[in-house]
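So the sequences go chain by chain: A and B.
Residues in the first sequence are numbered consecutively from 1, following full-length UniProt numbering.
Residues in the second sequence are numbered consecutively from 1, following full-length UniProt numbering.
Keep in mind the hints are simulated off the structure, nothing from the lab.
The reader is advised that the hints may include incorrect statements.
[Unchecked claim] Pairwise CB distance ranges (calculated):
#1 B:I16 x A:L25: 19 to 29 Å
#2 A:P86 x B:E56: 17 to 27 Å
#3 A:V28 x B:I16: 10 to 20 Å
#4 A:G69 x B:E56: 32 to 42 Å
Each residue gets a CB set at the ideal place from its N, CA and C atoms; glycine is no exception.
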Amino acid sequence: MFEEELKFMRKLSKRQFAQQVLNFLMIVSSALIVWKAMALYTNSESPIVVVLSGSMEPAFYRGDLLFLGMPDEPVKIGDICVFKIPGRDVPIVHRVIKVHDEKETDKQFILTKGDNNQVDDRGLYNPGQLWIHKEHIIGKVKGFLPYIGIITILMNDYPQMKYVLIGVLGLYVLFSRE
Amino acid sequence: MYTLTQRANALFAFVITVLFALFGIISIVTLFIPSSPTATLNINDIQVWVYEYASEESEFAFVDMKLEADLTSLFNWNTKQLFVCVIAEYNTDTHNQNQIILWDKIIKSKEDAFIKYSDIHNVYNFVDITSSFGQVNATYSLHWDIMPHVGMLMNGRAENLRVERFPEPRQPMKNIR
Chain A
1 MFEEELKFMR KLSKRQFAQQ VLNFLMIVSS ALIVWKAMAL YTNSESPIVV VLSGSMEPAF
61 YRGDLLFLGM PDEPVKIGDI CVFKIPGRDV PIVHRVIKVH DEKETDKQFI LTKGDNNQVD
121 DRGLYNPGQL WIHKEHIIGK VKGFLPYIGI ITILMNDYPQ MKYVLIGVLG LYVLFSRE
Chain B
1 MYTLTQRANA LFAFVITVLF ALFGIISIVT LFIPSSPTAT LNINDIQVWV YEYASEESEF
61 AFVDMKLEAD LTSLFNWNTK QLFVCVIAEY NTDTHNQNQI ILWDKIIKSK EDAFIKYSDI
121 HNVYNFVDIT SSFGQVNATY SLHWDIMPHV GMLMNGRAEN LRVERFPEPR QPMKNIR
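Hey, can you work out the whole structure from these sequences and the hints?
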């Protein structure tokens, strides 16, 4: 199987090989451009997220894909928001069940809860933290696509799969004949 | 000649393109499906009691509501579920907007979308961020969030609103020592 590929490699001139590498880099960079353009358009640092937990069932299941946006207007009750607690890596997708807008500072005091959880999120926040604020919020869920993100979950659960997949894809692009 | 991998690749790319075009069309079409939900919310009773909460005296409101709603028209071929909730909104001297979910329900089928309750209570603690409501007026209304199978999340609220003033807080009887 690999003999053929190696023969193909040897047949390639330096110029052709450079062309293949450039092709590969083009694909990677255009994917990055699309991602960053979406981030700019939606004003959210990560415009697409994958649901990693079952705390919003039956609305969202593990592996569902969520499209986020960052509205200019203040957070409203009932919005499903993605937020990050300082010092914690993994963002959380939960519904807003309480909002208080302070008059003096314009600051919003937000409390969230997962639809599938019995209690609100104060236990998930940092110790002593009662509210989250707008700066913790990465985005508001605008659109929904089921199942597609299961690949991400598999790659998270089995990190070796990530390298195998990237390796195979990279080799495929390098050796593909137009 | 095309190799098997080339054919598989072309087929895969085509399927993905068609699938995503279809998702796009579905999510746009869904926005234009008409619906005519109706809802009536009534407040039977509101009481405010003062309890100790995090070592501070705080006002707790207890709302007794009557709710009747026909949300069946919100269910179409792209509706996965409804999140229905009763919301209280009020303004105080220190906070110009306060919104609290008092009661919620997830409806997963059209058959369950006609709801009628004569006596529901707030399931979440109805407390202010300060320790007192200050006897202001609050607006009570029914909201719904529509979750599609694929596409955009939508929401709406019933036109029927109830405005009620928080009553004077009552002190529970203290144990006599």
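Going through the hints against the structure:
1. B:I16 x A:L25: 19 to 29 Å: holds, 22 Å
2. A:P86 x B:E56: 17 to 27 Å: holds, 26 Å
3. A:V28 x B:I16: 10 to 20 Å: holds, 19 Å
4. A:G69 x B:E56: 32 to 42 Å: holds, 38 Å
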